[in-house]
Every structure is written in C-alpha cells, then in structure tokens.
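Which chain is which? The protein sequence lines are A and B, in order.
All the letters of the first sequence, read from the start, carry residue numbers 1 to 376 under the numbering used here.
All the letters of the second sequence, read from the start, carry residue numbers 1 to 89 under the numbering used here.
Hints are computed from structural coordinates only; laboratory data are not their basis.
Every residue, glycine too, gets a C-beta built ideally from N, C-alpha and C.
Hints should not be assumed to be uniformly reliable.
Unchecked claim - Keeping only pairs whose Cα atoms sit at most 30 Å apart, straight-line, the calculated DSSO-like set for lysine-lysine is:
1. A/K78 x B/K39
2. B/K36 x A/K140
3. B/K79 x A/K15
4. A/K6 x A/K78
5. B/K39 x A/K75
6. A/K75 x B/K36
7. B/K36 x A/K78
8. A/K75 x A/K6
9. A/K203 x A/K30
Unchecked claim - Here are some, though not all, of the chain A residues that point toward chain B, as calculated from beta-carbon distances under 8 Å:
10. G52
11. G61
12. F62
13. W77
14. A81
15. T82
16. L84
17. L106
Stated by the list, open to error - Per label pair, the in silico range of CB-to-CB distance:
18. B/V32 x A/A153: 50 to 56 Å
19. B/T12 x A/Y293: 48 to 54 Å
20. B/G14 x A/D23: 52 to 58 Å
21. A/K75 x B/G61: 16 to 22 Å
22. B/I86 x A/P173: 43 to 49 Å
23. A/R76 x B/A87: 27 to 33 Å
24. B/W9 x A/G32: 20 to 26 Å
25. A/K353 x B/H50: 51 to 57 Å
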Amino acid sequence: MATDRKVRVLLGTRKGTYVVEGDARRRSWKVGPVAHAGNEVYHVVADPRHPGVLYAAVNNGFWGPSVQRSTDWGKRWKEIATPLTPLSKNRPPPDDPGNASAGRPLINLWHIEPALADDPATLYLGADPHLLFRTPDEGKSWEPIDSINQHPAKKDWSPGAGGACLHTILVDPRDGNRLYIGLSAVGTFRSEDAGRSWTPTNKGVETPFLPEKFPETGQCVHHVVMDAANPDVFYRQDHGGMYVSHDRMDSWRRIGKPLGDDFGFCVATPAAAPGRAYFVRLGGEARVTAEGYFQVFEWNDATKKWKALVRPKQFPGDFGVHREGIATDRLDPPGIYVGTTTGQLFLSPDGGKSWSMVPYAFPGIHSVSVAGPEAK
Amino acid sequence: MLDVHLDSWLRTFGPRGREEVTAGSVSQLLDVLEGKYPKLRFKIRDETGHLRRYVRVFVDGEDVSATTGVATPLTGTEKVDILHSIAGG
Numbered sequence: 001m002a003t004d005r006k007v008r009v010l011l012g013t014r015k016g017t018y019v020v021e022g023d024a025r026r027r028s029w030k031v032g033p034v035a036h037a038g039n040e041v042y043h044v045v046a047d048p049r050h051p052g053v054l055y056a057a058v059n060n061g062f063w064g065p066s067v068q069r070s071t072d073w074g075k076r077w078k079e080i081a082t083p084l085t086p087l088s089k090n091r092p093p094p095d096d097p098g099n100a101s102a103g104r105p106l107i108n109l110w111h112i113e114p115a116l117a118d119d120p121a122t123l124y125l126g127a128d129p130h131l132l133f134r135t136p137d138e139g140k141s142w143e144p145i146d147s148i149n150q151h152p153a154k155k156d157w158s159p160g161a162g163g164a165c166l167h168t169i170l171v172d173p174r175d176g177n178r179l180y181i182g183l184s185a186v187g188t189f190r191s192e193d194a195g196r197s198w199t200p201t202n203k204g205v206e207t208p209f210l211p212e213k214f215p216e217t218g219q220c221v222h223h224v225v226m227d228a229a230n231p232d233v234f235y236r237q238d239h240g241g242m243y244v245s246h247d248r249m250d251s252w253r254r255i256g257k258p259l260g261d262d263f264g265f266c267v268a269t270p271a272a273a274p275g276r277a278y279f280v281r282l283g284g285e286a287r288v289t290a291e292g293y294f295q296v297f298e299w300n301d302a303t304k305k306w307k308a309l310v311r312p313k314q315f316p317g318d319f320g321v322h323r324e325g326i327a328t329d330r331l332d333p334p335g336i337y338v339g340t341t342t343g344q345l346f347l348s349p350d351g352g353k354s355w356s357m358v359p360y361a362f363p364g365i366h367s368v369s370v371a372g373p374e375a376k
Numbered sequence: 001m002l003d004v005h006l007d008s009w010l011r012t013f014g015p016r017g018r019e020e021v022t023a024g025s026v027s028q029l030l031d032v033l034e035g036k037y038p039k040l041r042f043k044i045r046d047e048t049g050h051l052r053r054y055v056r057v058f059v060d061g062e063d064v065s066a067t068t069g070v071a072t073p074l075t076g077t078e079k080v081d082i083l084h085s086i087a088g089g
C-alpha cells in the first residue's frame with residue numbers, strides 16, 4: 001500500500017480499535033468505525049516498514065488474547081498467530097520447577113514493536129505474565145524469548161496493579177541486537193545480543209514501595225521512550241518518579257522532583273524536537289491529573305527545565321492517562337496526542353503551543369500511537 | 001452422538017450453532033471441535049487446558065464449568081451447551 005501524507009492516530013480502547021485520520025496540518029480529523037468492538041485493545045501500532053500494515057494487541061475477556069493484523073490502515077483486520085506461554089510445544093512441562101510461568105496461561109498482550117527496516121519481517125511482543133516473544137515472519141509464528149520467559153529470578157518477580165505486564169520494548173536504531181524492555185513491577189533490562197541475555201538497568205531509580213530503596217530490580221517502571229536523535233538517551237516514567245538516562249540506561253537521574261508529585265504512567269518524545277519529553281503528571285493516589293485540568297509537562301533536556309504546555313483550565317476535569325496514552329508524530333513542529341481513560345483525545349499540532357480535543361467521545365483509551373509522514 | 005450447541009459468539013470462530021460429536025469427555029469433545037475448527041483453539045480453553053473464566057459448559061442442563069470441568073465424563077448421548085457467561089461492563 002502506498003504512503004500518503006495523512007496522519008493516522010491509532011487508538012486502543014476498552015471497547016475496540018479506532019483509526020483517526022487527519023491531514024498534515026492536523027486541524028481536522030475523521031474518526032473511523034470501531035474495529036474489534038467490545039474487546040480490550042491494549043496497543044495498536046503501525047509497521048513503518050510496510051505502509052498500511054497495522055497490528056493490534058486484542059484482549060477478549062471471554063476468549064482470551066489475540067494478535068490482529070490489518071493491511072489496509074485498519075479497514076479490515078484478521079487474527080494471526082497468537083503466541084502461547086512456555087506451555088506450548090518444546091517448552092518445559094507445567095510442573096517443571098524451572099518453568100517460571102508454570103500453570104499460568106497467557107493473560108493479556110501489552111505491546112507490539114516492529115524491528116528495524118533491515119529486518120522487515122521481525123516484530124516483538126510483550127505480554128502478561130512477564131513474557132516476551134519474537135516473530136520472524138510478520139506474526140505467522142511466535143518464538144518465546146526464554147532468557148526472559150524462563151528467567152531464573154522470575155519466581156521473585158511481582159506484578160503491578162495492571163498485571164505482570166511486559167509493556168515496553170525498544171530497539172536501538174543503530175543496532176537491532178540491542179534491545180530494551182520494561183516490566184511491571186520488575187524494572188528495565190538491556191540486551192546486547194538480540195535477547196539471548198539481559199542486564200538489569202535500574203541504577204538510580206527509587207522504589208518507595210520496597211524496604212530497599214535502590215535495588216537492582218523491583219522497580220515499577222511504567223513506560224520508557226528513546227530520544228529520537230540520540231538512542232543513548234531515554235526518558236522514563238516510573239512509579240517512583242520521572243527519570244532520564246544518558247548512558248543507555250546504565251544509570252538514571254530523577255528529573256521530576258521540581259514538579260512536586262511526579263507520578264504518572266506515560267511519556268513520549270518527538271522526532272522533530274530531540275531532547276524534549278512529554279509527561280502527564282497524575283496524583284499518586286487518585287491517578288488522575290493532579291491540577292483539576294488537563295496538563296502536559298515538557299522536559300527540556302538541554303536547559304534541564306520543565307514547562308507546562310496546556311493553558312490552565314482550558315480543559316477542566318480529572319483525567320487519567322495510561323502508559324501508552326501519549327504519542328507524537330514525526331512532523332515539524334511535532335504533533336502531540338494524549339488519550340484519556342475517560343475517552344478524550346487531546347492533541348496539539350504545534351509542539352504544545354495550542355491544544356484541542358477531537359470531538360468524539362471514545363471509550364476509555366488504553367493506547368495512542370501515530371502513523372504518519374516524515375517532516376519535509 | 002453428542003448434541004453440542006454453541007452460542008452465537010462462538011460461531012464466529014467457524015462452527016455452526018449445532019454440532020454432532022462423538023467423545024467420552026468434555027475435554028475430548030473440545031479436542032474434536034478444535035480439530036474441526038482451528039480458530040476455536042485457545043478460545044474455550046486456555047493453553048493450560050482449563051476452561052476460560054467466562055466460559056460455561058452445561059451437560060444436560062447442568063453447569064459443570066466450576067465442578068468437574070473438562071474432565072466431565074460423557075456417555076455419548078448428552079446435550080452439551082457451550083456458552084459465554086454474563087460478565088463485563
């Protein structure tokens with residue numbers, strides 16, 4: 001399918017998948033019909049290597065999870081192979097003490113991540129309970145990555161409130177063998193060998209909910225993104241605050257303290273404005289926006305300063321935003337898109353200078369991602 | 001021959017509403033159905049072999065989901081209903 005200049009905002013919601021189309025000016029939007037109606041869709045993502053191809057992590061409360069694929073920008077979807085837990089063939093039997101997921105079926109699918117352009121059929125998939133899979137053939141089959149799925153410490157890993165989700169998968173654009181993952185409530189890991197081995201990367205991230213404040217693992221990472229211009233730089237929203245790393249996650253520095261409460265779930269960074277990251281701060285107890293109105297905070301990694309992007313009280317209310325609930329496009333100035341748990345889709349077409357809301361009441365939004373053109 | 005009825009949602013995975021199946025247990029019955037309709041695999045049972053949480057299996061009107069489950073023996077003449085339960089919001 002040919003590329004075009006449309007910006008497509010892909011929403012995974014409590015009740016299905018939506019594709020919201022706009023032009024490059026990002027001033028008017030058309031909401032497409034719901035797909036996967038009635039299903040919890042935790043993530044929808046475009047495959048930039050194959051224009052028109054979308055993947056969705058669909059979680060049905062009755063029939064279990066499935067991976068769905070579209071080849072026409074979401075007009076039609078088809079269920080493709082769904083990965084299974086280590087109980088599938090060639091895996092240890094469920095009563096094997098070395099089988100960390102013994103007796104536990106696949107619960108929910110959380111995140112689908114295409115690999116690099118020079119590996120065009122490979123994708124990664126993160127799932128609950130703390131499972132990572134790779135497909136070498138665009139989802140026709142899935143291989144469990146046993147270095148995580150059978151990790152020797154897994155028996156000690158605990159779930160977060162959302163489950164034992166493996167929700168963040170990042171691929172270094174310079175080297176497809178370098179992978180980063182984030183798991184609730186375990187923390188982040190880096191692999192230098194395409195997932196054969198992993199190193200915990202949580203140094204400096206505090207765990208206020210554990211007796212030990214800076215353990216090697218046990219952090220409840222909520223989401224992590226990689227800076228578009230510098231793949232050694234990462235921005236992290238953790239249960240314990242907002243952080244930045246400048247050394248491939250070898251160490252983290254907390255940046256959120258000037259905001260007071262720096263709890264939240266989501267973070268995004270724009271291609272056209274490297275060194276910036278967008279966070280939505282939530283109250284740690286209520287887990288909705290702490291101000292009584294919608295607000296997005298921009299971190300400038302050059303000036304080390306924060307800036308509130310939304311005019312106070314422009315959108316009054318108490319908004320929740322999930323870990324995949326914010327995304328940016330690749331245009332200049334960058335578009336910022338935020339989906340809320342109460343179904344609003346807020347957006348800025350100009351890097352946060354102005355904001356509006358798509359006039360459509362969606363079901364509660366789990367995930368937002370953007371498929372769109374590159375900046376000219 | 002077992003007289004098996006599946007609800008309308010399960011029919012989207014391939015089967016008609018009613019099937020005639022020969023099997024000695026609920027587990028065997030599901031093996032037969034999944035063999036005939038591969039899209040049913042892991043929909044009624046998860047990959048551990050257990051019934052999914054919101055699936056109900058009735059044998060001659062008795063809900064066996066939470067009792068004998070997939071191990072429920074069948075003599076071969078029963079009426080078996082496979083339904084999704086009332087849940088959600």
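Going down the list of hints, with the structure as the test:
no.	hint	in the structure
1	A/K78 x B/K39	holds (12 Å)
2	B/K36 x A/K140	holds (20 Å)
3	B/K79 x A/K15	violated (34 Å)
4	A/K6 x A/K78	holds (23 Å)
5	B/K39 x A/K75	holds (21 Å)
6	A/K75 x B/K36	holds (29 Å)
7	B/K36 x A/K78	holds (19 Å)
8	A/K75 x A/K6	holds (15 Å)
9	A/K203 x A/K30	violated (44 Å)
10	G52	violated (24 Å)
11	G61	holds (6 Å)
12	F62	holds (5 Å)
13	W77	violated (13 Å)
14	A81	violated (11 Å)
15	T82	holds (7 Å)
16	L84	holds (5 Å)
17	L106	holds (7 Å)
18	B/V32 x A/A153: 50 to 56 Å	violated (41 Å)
19	B/T12 x A/Y293: 48 to 54 Å	violated (43 Å)
20	B/G14 x A/D23: 52 to 58 Å	violated (41 Å)
21	A/K75 x B/G61: 16 to 22 Å	violated (43 Å)
22	B/I86 x A/P173: 43 to 49 Å	holds (48 Å)
23	A/R76 x B/A87: 27 to 33 Å	holds (28 Å)
24	B/W9 x A/G32: 20 to 26 Å	holds (24 Å)
25	A/K353 x B/H50: 51 to 57 Å	holds (53 Å)
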